[in-house]
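Peer 1: Heads up: the sequence lines are chains A and B, in that order. Quick note on full-length UniProt numbering: the first sequence kicks off at 1 and runs consecutively. Quick note on full-length UniProt numbering: the second sequence kicks off at 1 and runs consecutively.
Take the hints with a grain of salt, since some may be wrong.
Below 20 Å or equal to it, Euclidean Cα-Cα: the simulated DMTMM-like pairs (lysine to aspartate or glutamate) are [to be verified]:
{"id": "1", "chain 1": "B", "residue 1": "LYS153", "chain 2": "B", "residue 2": "ASP318"}
{"id": "2", "chain 1": "A", "residue 1": "LYS377", "chain 2": "B", "residue 2": "ASP318"}
{"id": "3", "chain 1": "A", "residue 1": "LYS462", "chain 2": "B", "residue 2": "ASP10"}
{"id": "4", "chain 1": "A", "residue 1": "LYS377", "chain 2": "B", "residue 2": "ASP29"}
{"id": "5", "chain 1": "B", "residue 1": "LYS319", "chain 2": "A", "residue 2": "GLU191"}
{"id": "6", "chain 1": "A", "residue 1": "LYS509", "chain 2": "B", "residue 2": "GLU126"}
{"id": "7", "chain 1": "A", "residue 1": "LYS279", "chain 2": "A", "residue 2": "GLU148"}
{"id": "8", "chain 1": "A", "residue 1": "LYS377", "chain 2": "B", "residue 2": "ASP10"}
{"id": "9", "chain 1": "A", "residue 1": "LYS488", "chain 2": "A", "residue 2": "ASP404"}
{"id": "10", "chain 1": "B", "residue 1": "LYS174", "chain 2": "B", "residue 2": "GLU200"}
{"id": "11", "chain 1": "A", "residue 1": "LYS509", "chain 2": "B", "residue 2": "ASP299"}
{"id": "12", "chain 1": "B", "residue 1": "LYS60", "chain 2": "B", "residue 2": "ASP297"}
{"id": "13", "chain 1": "B", "residue 1": "LYS282", "chain 2": "A", "residue 2": "GLU513"}
{"id": "14", "chain 1": "A", "residue 1": "LYS377", "chain 2": "B", "residue 2": "GLU32"}
{"id": "15", "chain 1": "A", "residue 1": "LYS279", "chain 2": "B", "residue 2": "ASP25"}
{"id": "16", "chain 1": "B", "residue 1": "LYS60", "chain 2": "A", "residue 2": "GLU328"}
{"id": "17", "chain 1": "B", "residue 1": "LYS153", "chain 2": "B", "residue 2": "ASP178"}
{"id": "18", "chain 1": "B", "residue 1": "LYS174", "chain 2": "A", "residue 2": "GLU435"}
{"id": "19", "chain 1": "A", "residue 1": "LYS377", "chain 2": "B", "residue 2": "GLU444"}
{"id": "20", "chain 1": "A", "residue 1": "LYS279", "chain 2": "B", "residue 2": "ASP40"}
{"id": "21", "chain 1": "B", "residue 1": "LYS174", "chain 2": "A", "residue 2": "GLU513"}
{"id": "22", "chain 1": "A", "residue 1": "LYS488", "chain 2": "B", "residue 2": "ASP299"}
{"id": "23", "chain 1": "A", "residue 1": "LYS377", "chain 2": "B", "residue 2": "ASP24"}
{"id": "24", "chain 1": "A", "residue 1": "LYS279", "chain 2": "B", "residue 2": "ASP29"}
{"id": "25", "chain 1": "B", "residue 1": "LYS174", "chain 2": "A", "residue 2": "GLU178"}
{"id": "26", "chain 1": "A", "residue 1": "LYS509", "chain 2": "B", "residue 2": "ASP297"}
{"id": "27", "chain 1": "A", "residue 1": "LYS279", "chain 2": "B", "residue 2": "GLU32"}
If you're looking for bench data, these hints aren't it; they were derived computationally from the structure.
Spelled out, the chains give:
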Amino acid sequence: MTMNSVGRPTAPETAAAAPIGTFTGNRGLAVEEPLLFEIGRHDVTGVDLDEPGRFAPRLGAHMRRAPIDLPGLSEPEAVRHYVRLSQKNYAIDSGLYPLGSCTMKHNPRLNEKMARLPGIADIHPLQPLSTVSGAVELMAELGRWLLEMTGMRAVALSPKAGAHGELCGMMAIKAAVEARGEARPIVLVPESAHGTNPATAALLGFRVVPVPARADGTVDPEAVRKLLSPQVAAIMLTNPNTCGLFERDVVEIARAVHEAGAYFYCDGANFNAIVGKAKVGELGVDAMHINLHKTFSTPHGGGGPGAGPVVLSHRLAAFAPLPFVRMEAEGPRLVESEAELAEGETPFGRMVAFHGQMGMYVRALAYMLSHGADGLKQASEDAVLNANYVRAGLRDLFSQPFGDRPCMHEVLFDDSFLDGTGVTTLDFAKAMIDEGYHPMTMYFPLVVHGAMLIEPTESESKASLDLFVATLRDLAMRARAGETDRFKAAPRYAPRRRLDETRAARTPKLKWEPPAPFEQAAE
Amino acid sequence: MRYLPHSEADRQAMLRAIGVGAIDDLFLDIPEPLRVGALDLPRRAGELSVERTIGRMAAKNVAAGSVPFFVGAGAYRHHVPASVDHLIQRSEFLTSYTPYQPEITQGTLQVLFEFQTQVAHLTGMEVANASMYDGSTATAEAVLMAHRVTRRKKAVLSGGLHPHYRAVVEGLSKLASDTVAALPPDPAGTEDILAAIDAETSCVVVQSPSVYGQLIDLAPIAQKAHAVGALLVAVFTEVVSLGLVEPPGAQGADIVVGEGQGLGNALSFGGPYVGLFATRAKYVRQMPGRLCGETVDADGRRGFVLTLSTREQHIRRDKATSNICTNSGLCALAFSIHTTLLGETGLARLARINHMNAVALAESLSELAGVSVLNDSFFNEFTLRVPGDAASVVEALAERGVLGGVPVSRLEPGRPELADLILVASTEINTDEDRAAYAAALAEVL
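Next up, chain B with everything else stripped away, as it sits in the complex (with noise of 0.2 Å):
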């Protein structure tokens, strides 16, 4: 076997050199009747076999890059510099392991403490930790933290909340007996989430851009929010909107949470992606996750080390203030390039053209009859109300070689009012070609 490097030779050698006949006289602590005969799985395969059998099944597959492609709801389809994924598959960043030897893990450690600098940036806020699995459970996160800050059990959710990640602080706090107080969906942005917030609520939780695109003004919610104790949680899914729209941090947002995959990340089906996590600095020593500081060594020269550490659960066990171990560290790398590679000058200017082509999108298939944008605002994504079952209408577009978004009723299942509603985004990937044969497809199967 190509991965495994010794002779039969060596393995008797070592077994002598043990002191033991058989190498089943190393498993003799497995009680006899349980140990396994054999497996009912194929026999080892050479690299060319492993390559078709998976080659056969992506084969199956419609790459997003092959058509006009549309889709997004909390994934985004981006252009990554080459150079990126150069980068991260360097020997020394794939193949090391969490960084708990500073003196040999600089590289990773300085990455993350850029990392954090970075996300500090970009939201708005004071500290951020060095990732965490992605934008859904970085917002449950949120809500276990806010609950540690103001000891209070009831999260407030606006309707504007991507429905995955709803579930998933829904689903933890149902069995952590929180309360969570969701509001209905909110395609309009209309709802009012400040007559929700009462005396009781730890967070809320609003997203914005909302699932459906809307902008959401979070200043006059986190003003409410702090008039009763409570912290404003930020949620985003799309962090190349924070080169052009005012981030939370300068809204009043306590916590900003959000995934990161946008930059430097592939779809990939939906993971690895990156949480991103941020706060004020007075919450610190409450956030969940790894987080990385400046210090000097024995020498005085900078280095870094992961700190704070005794928050963490290989320190603190029950106590801890997550359960959180590995992280996201190689899609964390790989958004860091990317922005410092965008820098400055160039995210702002791809966040323009991704509001750009998605405002064309717009315009263009709401002159199509009976087809409408709902958004009154939107950064490259917005729902669009077409005649009929959005479902139908979607896979009816595929079958036409566009993928044209995501039905509303694939995430909130069950909803009438909602089935005529698609998700619809645009980003930098989008040519003029794309958007005409969205609109010349639309016009086809409406």
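Next up, chain A with everything else stripped away, as it sits in the complex (with noise of 0.2 Å):
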């Protein structure tokens, strides 16, 4: 053995290390974290502010008159506390994230630094105008980008999430077609489609009329021509779609959709593939909402917030909702209520209070300008190649269910490569968590068995993809090889093992509750 002066061994010692169980159950760096209100007091506080003096309050008999019962920490322990239950998450900083129509790429630090600018997150909505041109101006230079990128005519900002920016869009074409003296309660939404859409459609009292997809995974025109009537207020379409294809036909069954005075709504969660590439206004869409999270990079932040802006076709354009940027001789100027609409300007009303999601509008065009028109070009050619890459890398293992051709910004295959090997999706998602990945979108869309969508964005280098591709494949051909338990067990080196979701929904357990008194436990 080799040692220093002190007697200190300075190499390893070489005896086996079969696992063992610790007093604290902590794993070297991972560390089991208790909850908040396991370790937080209620007369701690991590902020410290003067007791006011004394006062005549003006409350009436509205004071709180029990506790809250909110345990508090101190700035040390809550640090911690956050800190280490961070370590506990996977994230596009530190691996590939692959989720098929999530659009995991970077997020840039730039964008999180500008939008701490005082000027930008330090104003308040209703601050006088006079106060906020700079904001009003940057609203209006993200909407020059969103059309020129779409070749649309207007564009509704407020949205606060990819779903809300469908119930946007949704509600300009059900004011559009009102406004028409018509009634069109039915929507078209092809099988394929994310469930936010006829959630959508169904929060507004449409009936919604599935769309069967056709063999290679693409909406028929001639389905889409069948189910036409003056009955329908619109097709709510993904494209690229769900399957990571391109729908080739699209400006057919646009053509379709508004000789039957309908509208076409197109879900723009897949637009990271198209910018730069074709623009949607002249694909025949007459609403489309863009996910600033997705396509423009604003974080994901472990789910939202996001932000959905619309963009309109001149059909939709007048209805676009409160409140609106509208350019003027003068400069860009907010309309924030009727009392100051313009000729020609129908607004179906508002989405949320104030002017939607700032602090994303202002990451999203940090991102822009970073790219520029060839950048954003780049990125979406790059996201293509890359999914691209990750389908040649795999096709001989794995299975395409529509035939091995070329994909948009993401790839799918089925389970039919795991028929006979009793390895499900689900198991072998898992296994690639042992192997440090997160999994891909599993079981969507609905219309493959067992999907596996995979989008690895333009954010992977090439070496990246070397090595996601050479695990996917180990993994398969260990599936093959009959090695069930090591998917059936995975995974087993995450903080958690798998857990029972079937008990979390059986017996709810939502919010803390102290433990049972010891006396009561016994029983």
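Two chains, two separate frames, one set of hints: put the complex together.
Peer 2: See the structure below:
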């Protein structure tokens, strides 16, 4: 053994290390963290505030009577609590995040810096408009970029997420139908659509009629034509679709929809594939939401906030909700109320209090300015290149439901390559976790059995994709070689092993409850 | 381009591996005439250039922190501890997706579980969800939920409800063919809302403190609503008020919704914010939005998952309770961290300071000739009546470097009877000097 002068060993011993239990339950850097409610105390605070002096309150009879039951932590305890929790998360900053349809690309830190400028983060939505001209200018500039990229007429910036944008677009369509004095109770939605599409249509009282996909994974204009009637208000089509394919008959579908007096809503979740390559306005789209948190890289934050601006064609532009930015000779103007409307502006109402997600607008604009027209196009091309590179690397071992053909920014496999192995899509995904990867989107779209939808995005290098492909190939071969246990027991190396979702749903425990007193617990 | 890793050689090698000659061979499904030549937009720009462009726009705005600032009306400027913004920028929180794979997203999930508990405690309710977009959309969702629970379609809205919230509810209801009975604006807090509740009513929506700052006794409204089988939806726009005032849950509310921006989140010109949504346990399956629940893993260790997702759009599609998917995860985190740092002691103290500052301001301003405070009760915001046009007064104050509040006419245009009212808020950020500056400036412009 090598020793230094005070007897400290300086080279590792070679004894084999079998897994051991630890007293703490921790495993080195993987630390168990109790709930806030188990470590906080009601009389501890991490914020120093001076106790106010005596004054005559003006709360009337509305003073709180009982304590809130809100434990506090000092600053060091709070920092440690949340840092430890953060360490249990996978993130795009730490690894490839191939969730199909979610576009987990790099989140530039410049954008975070811009969003925190006092002239952005520290302005109030209702302070005098004379004191926020830069904010209105920023909204106008974002709108200009979105309209140029899409070839559309108008933009409603305020929706707060993709589904909220869908709602905005469908409200504009319903308002337009009603303005024509018509009642069209039906919306057509392809079976491959995101669940938000039918849910949105139903929120507005529409009846959803599904459109079947044809054998190649796209929508057949003939099938649409058969379903169209004076009862149909709109079709909600995702393009590129959730199978990762561009709807090549989109123009014909749009024409048929318009001929029937209906509108074409496009789900823009997959816009990342076609920025700078095609303008949706020229495809015949009437409304499309743009997920700024996907295509334009505002961070997902563990489930939001997002932003879902909606671009509108000349058929729907007049119905854009309040508030909106109107370009006037003196510059952009924020129109907030019906009292300020001009001729031809007939907003259907308002989607949100205030003006939408300024914090996301500025991040998205910083992303757009950084890329420029050339960089945006390159990003789309690289996203498509990367998805096809993964497809090419896996096509001999994995099964493509619609044949071996180029995809857009995401590649779809089904589970037939696992037939007879006893390994399911879920097992396969969980085994990826042990290899250090976030799984792909599973079991979506619904039109494919055991779907695996992989979207690598343009942020991944060739070396990163090579390792990813090699890893998936190794797993596929192990599955076929009968190493079923590797998959069924996965994940082994995550902060938690598989969680019992049935139990969570059957006896919902949705907030912390104090442990039962000892006598009760003993019963 | 600094965000794109490929070299040209990489791209060529990858195209060869795919088996195509050029990148456009991968775009053949886009019909040729529809392919874009070039976008009429500038070329790529380095960090410095982007900072200059956006910095120029930001510099044209007057930041709240640079002036005596008294603007509220649904968004409030509070001091947020430095550690909050540091922690939410941890890569693992900031750049993670919705926790669909619970084994590797326990961080986000445990935060959501703690957030849900904090919101339930603050509102005095049994369950809370994992957040909505903001207070206004949470209110619209609460109305839809009440319609599902009661199988009725008429919402009664108090005249104290924030006019933007009312507009969001009305817009959606109109297009969904539901009925809304909105009472006229009620600055004095004297409306007879009990008379508006009838056997068709699904829910009555009441904000307290109201948009005019008035604290409302919810208990009799709950009683009347329940007597006819309707629900009480209680709304708040200033969450800090819950540190000092009786929570809606203790007054019989069935659904409590509100804006959580006041804790942990910047003003950001209106978003992103965080909608809070809480209700009674018996209605949980009619709730919109994500819910995080406790369970165990294969080794029996405690863990958390998204649960009751059979309510949600990705499972139930057109039968879902809402279309919401992405919500306000990171804003909920900021809210939760700030709440944790405050704790019971800190939040109660913060709320008292807010109230004290608002009381001091109300007393000081109402000493001016012709100026009066309408409220008989308030928390940190009140309605000021000034002689003359409130919008001009607020503009004149701004010219003197004081952001003095929101003229009610901005929220309720076309109502001359409200044209002399200003909503004025004061939080812990205001100093004695700020208040003195306001009083002096107001005296000058009147």
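Peer 1: Decide, hint by hint, whether the structure agrees.
Peer 2: Verification of the supplied hints:
no. : hint                 : in the structure
1   : B:LYS153 to B:ASP318 : holds (19 Å)
2   : A:LYS377 to B:ASP318 : violated (35 Å)
3   : A:LYS462 to B:ASP10  : holds (7 Å)
4   : A:LYS377 to B:ASP29  : holds (17 Å)
5   : B:LYS319 to A:GLU191 : holds (15 Å)
6   : A:LYS509 to B:GLU126 : holds (11 Å)
7   : A:LYS279 to A:GLU148 : holds (8 Å)
8   : A:LYS377 to B:ASP10  : holds (17 Å)
9   : A:LYS488 to A:ASP404 : violated (29 Å)
10  : B:LYS174 to B:GLU200 : holds (17 Å)
11  : A:LYS509 to B:ASP299 : holds (19 Å)
12  : B:LYS60 to B:ASP297  : violated (53 Å)
13  : B:LYS282 to A:GLU513 : holds (17 Å)
14  : A:LYS377 to B:GLU32  : holds (16 Å)
15  : A:LYS279 to B:ASP25  : holds (18 Å)
16  : B:LYS60 to A:GLU328  : holds (18 Å)
17  : B:LYS153 to B:ASP178 : holds (5 Å)
18  : B:LYS174 to A:GLU435 : violated (51 Å)
19  : A:LYS377 to B:GLU444 : violated (56 Å)
20  : A:LYS279 to B:ASP40  : holds (12 Å)
21  : B:LYS174 to A:GLU513 : violated (41 Å)
22  : A:LYS488 to B:ASP299 : holds (14 Å)
23  : A:LYS377 to B:ASP24  : holds (12 Å)
24  : A:LYS279 to B:ASP29  : holds (14 Å)
25  : B:LYS174 to A:GLU178 : holds (11 Å)
26  : A:LYS509 to B:ASP297 : holds (15 Å)
27  : A:LYS279 to B:GLU32  : holds (12 Å)
Of the numbered hints given earlier, the model fails hints 2, 9, 12, 18, 19 and 21; all others are met.
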